[in-house]
Amino acid sequence: MDRMIARIFVVCLLLIGVVVVAVTADFHLPGNHAGYAPTQPINFSHRLHAGELSIDCTYCHYGARKSRTAGIPPANICMNCHQDVTSSFDTMLSEKLKAIDEEREATRIISPEIAKIYRALGLNPEGLPDPEQDPEPIQWTRVHHLADFVAFDHSVHVAGGIACQSCHGPVQTMDRLRQDRDLNMGFCLDCHRNTPAIASPDGHTTHVSTDCAACHY
Amino acid sequence: MSDEKTNPEAKSSIKSVYWRSPEEKEGVLNQDDLNQDIQKALNTQEQDSGASRRSFLKLAGFSLAATVAGCSRGPVMHAIPYLVSPEEIVPGLSYQIATTCAGCTAGCAALATCRDGRPTKLEGNPRQSWSGGLCAVGQASLLPLYDSHRFSESMRSKKTEARREFSAITWKKADEEIREQLAAIQGAGGNIRILSGTITSPSTLAAIDTFLSGFEKSGHVMFDPLSASSILEAHERTHKTRVVPHFRFDRAKIIASFDADFLGTWISPVEFSKAYAKGRNPDSSPTVFSKHYHFESRMSLTGSRSDHRAVVAPGELRDAIVFLWDVISRKAGIENTLPITPVSNKVEESIQSLSTELWKHRGQGLVISGSSDPTLQTLINRMNHALGNYGKTLDLARPSLQKKGNDRELTQLITDMQEGSIDALIVQGVNPAFDLPPEAGFVSALKNVKLVIRLSPYQDETSQLSDYVCAESHSLESWNDTEAIRGSYSLTQPTVPPLQSARTLRETLTRWQGRTTSDRDLVREYWRREIWPTVPMTSFPSFESFFQKSLHDGCYEHEGSSGAKAPAWVDSDLVAPKESVKPKAGELGLILYSKLAMLDGSHAHNPWLQELPDPVTKVSWDNYACLSPKTAKAKNLSQGDTVIISSAGGTQIRLPVQLQPGQHEDVVAVALGYGRSGTERFHGIGPAWLEAKPSVGSDGRVGKNASVFLTLLSGELGNNGVSVTLKPDGGRSELACSQDYHSLTVPPHLAPKGGEVRDAVRSTTLSEWKNDPDHAIGEHHDHDKSLWKDDHLHPGARWGLAVDLTACTGCSACVVSCQAENNIPVVGKDEMRRHREMHWMRIDRYYQGEGTDIETVHQPMMCQHCANAPCETVCPVLATVHSKEGLNQQVYNRCVGTRYCANNCPYKVRRFNWFDYPREDRLQNMSLNPDVTIRSRGVMEKCSLCVQRIQGAKAEDRRNGNENGVETIEVACQQSCPTSAIIFGDLNDPESKISRSVATKRSYTVLPELNTKPGVFYLAKVSNQDQHNDPTTSAHPTSG
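In order, the protein sequence lines correspond to chains X and U.
Quick note: the first sequence uses the working numbering, first residue 6, plus one each step.
Quick note: the second sequence uses the working numbering, first residue 535, plus one each step.
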């Protein structure tokens, strides 16, 4: 009888152990990383670019229109603006006014974050190649990552008129990018099941598939 | 349908028709071996079932720990975008770059599918008129680009007494030293030679000429290990021009091949396969269907596809050709002074019928031979001339430039080297220390050459004997041009920045002349200088536009023959071909052949090609001694017994026996290209586990080098000039044969009613097909009542495949294409032996007939995408289910690896990941297709009908807002097929090509009695055996 009690005790202990471990462990299935907001090498603000300045998402993430992957923009895309916009509007304006007052050429003031792009591209503050500085790619930390066995195609969803925010959340309000939703299969199927067909902006009707092989191959 | 068709007895006559190995035919496999296998499996299970409570707890604890560890947040991942993105590259989006295949000397135009700046797949380029598709070797030639065993720099060797010691040096240093030594030779009026394989690149040939012109005494010698020197020599005698004619199999009504394996390895197999299939279309009207006679001693791929195959004794081939010449010369009214040696009755019959056909179809016949004897080839030319075939099926106005090797010059070179009159030798492309027999004396003569420079991507037999070894670049990372057929040019451009600091021969020679012109400019300047002036003025506004267009298309072809004139026939004296070697009593004639995947052995580093089962024997990872089952029985040998093959000269090699039906009894056939240095790397290929056995032999290499038996006599590199004796040594070496299991046959007492007949392949003859298309291919199964509701609706597309067995030659290009497209791992010889190969596609090979009178059918077999799929009903976790588009989907992340599905699959096409197959080589991993998941251990996989291509096309359609893309989807196997035997498409669309194919009466499904309703259809094989005196027609199973 004692043995019996001992056994039940051991089993209970094991079960409790399992529950404790499961709860305390950072339990995530691949893709379920809602709230993940790692620090990035450059303090890039989506709130400023996508929110305040209303730059279209696919201007920088141009891959989203053509390819499976949206892609992190290459530094030359940044330079489309930042070869002229080198600092905040206020800083640049006050420098300009100051220069007019002092009857001199305005100096380029490059903000510390934008300077990182210049450094990566191996450019001097004037925007010219710096022989002292080798170009060095920027190593971003990935925020959204789906498991390898899922194939998600950005271009199809963009072509279907699905807003980026539907999956990525209110990116235009985030200073540091954060994963908004758990990108699990249930999340995908919520849309795919409830929207049998959608009309694209170009008037084309697209059939929404729930076949396994639509994503898994 | 006649009564006989439904009569079970008539059916059982079909049953015995097709077999796959001599063992299966004799029933041995079904009884003893099978029982033994099962017993073995049961025994292992018993041992395993002794799992104790203790081990269970251990496992439980481990899995808990693994779960906890596995489910925490994933590791931090980084993403590094371009700093400045190239305009044409969008991350994740594939694009194609036109290039030229460098797998062999045929020089087919190809397209490289690239992603993110690196090629991941090679495919045929439909823009080139004569090629199309890409063979297995071409497909696999992607892999060496990412090979970490390739040379990354140059090496210099220091000769010591016993051996050479190599040390790495930079290109700069190597260039300096070599230029210095070359200058010394130049100053002393020394003698320099370049030895290479066939070079089809005109700009490289020009660079060689320029380089050599700086020397007083110099020369360029080309030789081909798979030599066509005799054909060149013969045309020099009969047409005063040293070329190989452009063979036009598409224009030939009667094809007579004397041991020329033109669908497998001879000169330009892709081109020939395409043309051959074009000339054989049973659905055409009026019927275009050539008749193919094949004379050979062993069983080649081409022989297995022929309509009329005559097996000749070793040495009898020469007599057969002379006999044919005698008959044809009499018909043509030419006096024949050659003495006739009698041939066997069967061969005589074949020759008589062939000569009648050839004479009847003068100007539409084609006689070819793979013989290495120029006088015999001259006789072949005489026949083609007498039959009026020149200018029709043999084009000399625009000849083939795919073989230029000159065995006579090679012999002369070796003699010169022996005499010590050669000061410097540059060796590129070929590996003469391996390719040539020791008696040829190349290795010993090399010692007399003061400076030996080797250009090679790998360390091999020749580079080990060289003073300098320079890294040669891969074709996908360099510039090149090719003129494979006169007037048909193609270009090669880099698809990726050079991965190693390697150079092409052209650039290297130019550097050694002190010029630093880039390789691109060398090619461009040649084109501007030599090719641009020949382009019609109206075609392009400027050279720039011409070059850009050619670069974009990958090829440029002169329209028509552009005034080229064929050289005229030159009469010469009739010379008797020399007597061939015939084995004495107790001896066997040795035939050395090349395997389709291994060719001359230059691809021995390629694991895809090592693992590709040979199309005929179905054995991978080895060469072996092919014996006819009768000879083996007489010598008391069975498959896998090792024998020692020895020649009179004392040369010996030890090989396992492979039983090869359809081969002559007095012949032993051995493949060349094996036993190469460098194959030691495959020792540990495949999964590492306790019982893993190496993929290499006891000497550390894959297979044995059979080139020791080649003969280089009087300027001819001969492959069948030796008679050998066979001695069993009592050993065994089990071959990795992929055909004798997964049998679809059922013992009669176990078979379900109506399921006794397993006619997986069906065939008919042309006359039966034309006379009675309803019954020609046998019974069309009426579906029985189904247990399943017909609830698989396909509202949109229903994808399917149609495979034309008439067009399929069994060349296995599709198998490698599928492997490249779908990231299929290499498992190694041991796993192949354990029947755990991972190829999603296999090509089943079926034999029919008795003795040497064998007919063969090749059947590509992949997932049949059944509507009533047996696999789906047994999966406990719904990991394999049906899609709305008719695909049988395999969901890897859901699969728990019960393997019930594989068990229940009647077609045996499912593959299980027994291991996590090694993917440690990060450079090699760059060849992976990012669109396809890498499967992990414990997961089932199988043909997905290239669903990633379907989804890709659909995505493109959605981006563009149209629906044209899905109509042009080509699955990987289909794209690579030279004969267009595989058709993919929408079965719901009545206008699609596949629907039209499926609607023909040649179409059938495999195992229809199971009512699985496959989405893969086969079109029965039609062979042309129509002749008044042909006995095989009446013996055909479906005729009665």
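It should be emphasised that the hints constitute simulated quantities derived from the structure, not laboratory data.
Treat the hints with care, since some could be wrong.
Said to hold, decoys possible - Restraint ranges, calculated between C-beta atoms of paired labels, are given here: (1) U:1456 <-> X:85: 32 to 38 Å; (2) X:16 <-> U:611: 53 to 59 Å; (3) X:134 <-> U:1054: 47 to 53 Å; (4) X:134 <-> U:1227: 54 to 60 Å; (5) X:198 <-> U:1455: 23 to 29 Å; (6) X:142 <-> U:1454: 46 to 52 Å.
Said to hold, decoys possible - Okay, the calculated bits of chain U under chain X, using three or more residues with CB under 8 Å as the criterion: (7) 825-839; (8) 899-911; (9) 1489-1497.
Source: prediction; values computed, not measured.
Ideal Cβ placement from N, Cα and C applies to all residues, glycine included.
Hint by hint, here is what the structure shows:
1. U:1456 <-> X:85: 32 to 38 Å: holds, 34 Å
2. X:16 <-> U:611: 53 to 59 Å: Given about 40 Å between the Cβ atoms, the range is violated.
3. X:134 <-> U:1054: 47 to 53 Å: violated, 24 Å
4. X:134 <-> U:1227: 54 to 60 Å: holds, 57 Å
5. X:198 <-> U:1455: 23 to 29 Å: With a Cβ separation near 42 Å, residue 198 of chain X and residue 1455 of chain U fall outside 23 to 29 Å, so the hint is violated.
6. X:142 <-> U:1454: 46 to 52 Å: violated, 25 Å
7. 825-839: violated (count 0)
8. 899-911: Violated - the segment 899-911 of chain U has 0 residues with a Cβ nearer than 8 Å to chain X, which falls short of three.
9. 1489-1497: holds (count 4)
The structure fails hints 2, 3, 5, 6, 7 and 8 (numbered hints given earlier, in ascending order).
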